[in-house]
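Taken in sequence, the protein lines are chains A and B.
Be aware that the first sequence starts at 1, since it is given in the working numbering, and climbs by one per residue.
Be aware that the second sequence starts at 1, since it is given in the working numbering, and climbs by one per residue.
Source of the hints: derived by calculation from the structure; they are not laboratory data.
Fair warning: there could be bad hints in the mix.
Here are the simulated DSBU-like cross-link-like pairs (lysine-lysine), alpha carbons at most 30 Å apart as the crow flies [unchecked claim]: (1) A:K180 / A:K109; (2) A:K408 / A:K452; (3) A:K90 / B:K50; (4) A:K408 / A:K212; (5) B:K151 / B:K50; (6) B:K146 / A:K29; (7) B:K147 / B:K75; (8) B:K151 / A:K29; (9) B:K85 / B:K74; (10) B:K147 / A:K29; (11) A:K442 / A:K416; (12) A:K54 / B:K169; (13) B:K151 / A:K62; (14) B:K75 / A:K385; (15) A:K452 / B:K147; (16) A:K62 / B:K147; (17) B:K165 / A:K408; (18) A:K29 / B:K169; (19) B:K74 / A:K90; (20) B:K75 / A:K28; (21) A:K54 / B:K147; (22) A:K347 / A:K378; (23) A:K452 / A:K212.
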Amino acid sequence: MKKIIFYLFFPIFLVVNFTSCNLYTVEKKIYPPQLASQIAKIGDKLPFLKVHMKDGGLYILKSWKIDEENKTIKGKGIYYSIDRSSTEEKDLFIIDLESVALLETNVLKRSSAVAAMTLVTGASVALTVYCLANPKACFGSCPTFYVWDGDSLRLQAEGFTSSVAPALEADDIDALYYAKSYNDELTLEVRNEALETHVIRYADLLVVPKGKNSRVYVTPNGKFFESDKILSPTFAKASEGDILPLILNPDGKERFSLADEKYLGEREDIEIEFLVKPGKNYGLVIGRRLTLLSTFLFYQVLAYMGNDAGYWLAQIGNYKNQEKFDRFKKAVEKFNGIEILVHRDGKWKSVGIIDGEGPLATNFNIVLLDRVENDTLKVKLRMTKGAIRLDYVALAEISKEVEPIVIKPYSVLYDKKESPEALSSLLDSEKVLVTFPGDVYKLKYRLPRIEKDKDFEFFLKARGYYLEWIRKEWLEEENPLLLAEVIFSPEQALRRLAPKFKSVEAEMEKQFWGSKYARP
Amino acid sequence: MQDRNLKILIFFILIFCASCASIRGPRELIPDPEEVPENPRGCWIELETKVDKISGEFIGLSEENVYVEVQFGKKLYAVPRDEVKKARIVVFYPDGTSYLGLWTLLGVLSTLSHGWGLILSAPIWLLFGIPSMIGRSYEPVFSYSKKELDKMSIYARYPQGVPMKIRQKATRFTR
Chain A
1 MKKIIFYLFF PIFLVVNFTS CNLYTVEKKI YPPQLASQIA KIGDKLPFLK VHMKDGGLYI
61 LKSWKIDEEN KTIKGKGIYY SIDRSSTEEK DLFIIDLESV ALLETNVLKR SSAVAAMTLV
121 TGASVALTVY CLANPKACFG SCPTFYVWDG DSLRLQAEGF TSSVAPALEA DDIDALYYAK
181 SYNDELTLEV RNEALETHVI RYADLLVVPK GKNSRVYVTP NGKFFESDKI LSPTFAKASE
241 GDILPLILNP DGKERFSLAD EKYLGEREDI EIEFLVKPGK NYGLVIGRRL TLLSTFLFYQ
301 VLAYMGNDAG YWLAQIGNYK NQEKFDRFKK AVEKFNGIEI LVHRDGKWKS VGIIDGEGPL
361 ATNFNIVLLD RVENDTLKVK LRMTKGAIRL DYVALAEISK EVEPIVIKPY SVLYDKKESP
421 EALSSLLDSE KVLVTFPGDV YKLKYRLPRI EKDKDFEFFL KARGYYLEWI RKEWLEEENP
481 LLLAEVIFSP EQALRRLAPK FKSVEAEMEK QFWGSKYARP
Chain B
1 MQDRNLKILI FFILIFCASC ASIRGPRELI PDPEEVPENP RGCWIELETK VDKISGEFIG
61 LSEENVYVEV QFGKKLYAVP RDEVKKARIV VFYPDGTSYL GLWTLLGVLS TLSHGWGLIL
121 SAPIWLLFGI PSMIGRSYEP VFSYSKKELD KMSIYARYPQ GVPMKIRQKA TRFTR
């Protein structure tokens, strides 16, 4: 860390120091001799005084004094002749104010450019120091997919969020909820914006033709349902009170809570009600993403693994550890997920869990509910306190189950040039597209023709995994004992880590989400 | 940061540097800010007349003329006020714009340590850095229209008015 500070900030320090000490501007003022007394008052701040004589001569005085009583200026300096061709230097000139035409002062002031830059430097250094001190608050995400939303490129999906090791390579379906096609084509921009290596097996576009006023949602297990009637909740209450305005629309205004101070696994409930038609089939639609709590914990685990992270991640694929891993995976799913309970016959009955997915893009899923018998449907969302950002909750009346059309990219651009190799990697299941920080690929898809009164719902089906780069700062926290605690006694670890997370929680969110970029 | 991105960044900084004030005067005749209080000469002036341009040391004003001493041959010209379209005064040489550019570049590079925050902090560096560079280059430059010529007298060698002895040496500026 000291090296980073040195290499990064020593040059800045030198430039800042040099520039701020040497950038001046000049404020020039002219006074008639009658106002000499005014200059006398600020004389200490003026190392030089120019005395312009009526005949055109000039005195530049270094140390000087105005004798108001005798109406003279006394000082040491240089006299310049009218045409400035000759000079005379004296320790004491006595100049009669009567023969003076004007007095000129030139005050050196610090350049305002330095003031602005100093301000930014201060803020920037503070942010850097914060990031170095809390490396888990900065960096990080999985492959990000940007799609045109009719207005701009918008982050709409994170690929295979949970696939943090080769053994966890998995399919992932994300709704491209705001995607708009253009000229019978859709372009996905895949970016690697983190210190990670992304390995993408494929990135297929799933399109579902639908009615103009319908929407299609995907269940956590990959089934698609069309609905032409979406119901908004009539009541939504969390521990802090009414949260209905926050979850009515998928507008980025999210409901979230802060993590518990003593136990990061603490659960909370949100109660939601809908007015429904008995006898109809409904599905609960939820748009949400994770807070940075799970990111913090994931990075903390990697920090505990330290230099042996490669070994530990490889153990995930070892069949001997499968049972332990499955147990751990379930605990993670519960931690990141939202359990949905429906009130029926005076009891709350669990109907499913929606996984939390990643912290960047809001993901939309539907969970099917049993046939509704009453005209009021009460639903409870149970989740880890401080772990979920809830953007949208609605009830979709199910019209029918639909099948998506799978479309492979027909062109891939890298650096604005066609990349047949990248395209081939995404089309051949034996190959993979490997991306590194800063890489941006554009994937182009041709859409099928549909009837005029129809539209498309878009989804991304991607498969792959990513490898987090272990940051140097994390290695300082390498600790196999604490890693064992996380694996074998996660509850205890969640209690022990609570104060650590709480100490950075507010700032972590602020730093991470401070950018518009991160808010879909 | 990829090489390409770094090139783009440098390109942008250079492009914006092109917006900085261009000082056409010789470096040795335009003092540094610290030298201004001790400099017995007038500021550098660039006059645009109806027919031509003239630049040199700003000697002073009379009711009819603007007096400029050009560097080549130390020749004094009297430019009739009626001929002047606009004037530009350079009080000192705006040193440091290159340091501000370097400061901005290093600042942008330092945001690599901000992680996601760099998406916000890097543009902020550019938003402050580039205008600071441009602003710095214009700090010593003052422009005047024909009607405002009297306001620039404080920058003259003779702010009190050009002595007759000097005026008599002047040649009328016509080209």
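Now for the hints, and whether the structure bears them out:
no. : hint            : result
1   : A:K180 / A:K109 : violated (55 Å)
2   : A:K408 / A:K452 : holds (24 Å)
3   : A:K90 / B:K50   : violated (46 Å)
4   : A:K408 / A:K212 : holds (24 Å)
5   : B:K151 / B:K50  : holds (21 Å)
6   : B:K146 / A:K29  : holds (22 Å)
7   : B:K147 / B:K75  : holds (26 Å)
8   : B:K151 / A:K29  : holds (12 Å)
9   : B:K85 / B:K74   : holds (24 Å)
10  : B:K147 / A:K29  : holds (21 Å)
11  : A:K442 / A:K416 : holds (8 Å)
12  : A:K54 / B:K169  : holds (19 Å)
13  : B:K151 / A:K62  : holds (27 Å)
14  : B:K75 / A:K385  : violated (82 Å)
15  : A:K452 / B:K147 : violated (67 Å)
16  : A:K62 / B:K147  : violated (36 Å)
17  : B:K165 / A:K408 : violated (88 Å)
18  : A:K29 / B:K169  : holds (28 Å)
19  : B:K74 / A:K90   : holds (28 Å)
20  : B:K75 / A:K28   : holds (27 Å)
21  : A:K54 / B:K147  : holds (26 Å)
22  : A:K347 / A:K378 : holds (11 Å)
23  : A:K452 / A:K212 : holds (9 Å)
Going through the hint list in order, the structure does not satisfy hints 1, 3, 14, 15, 16, 17.
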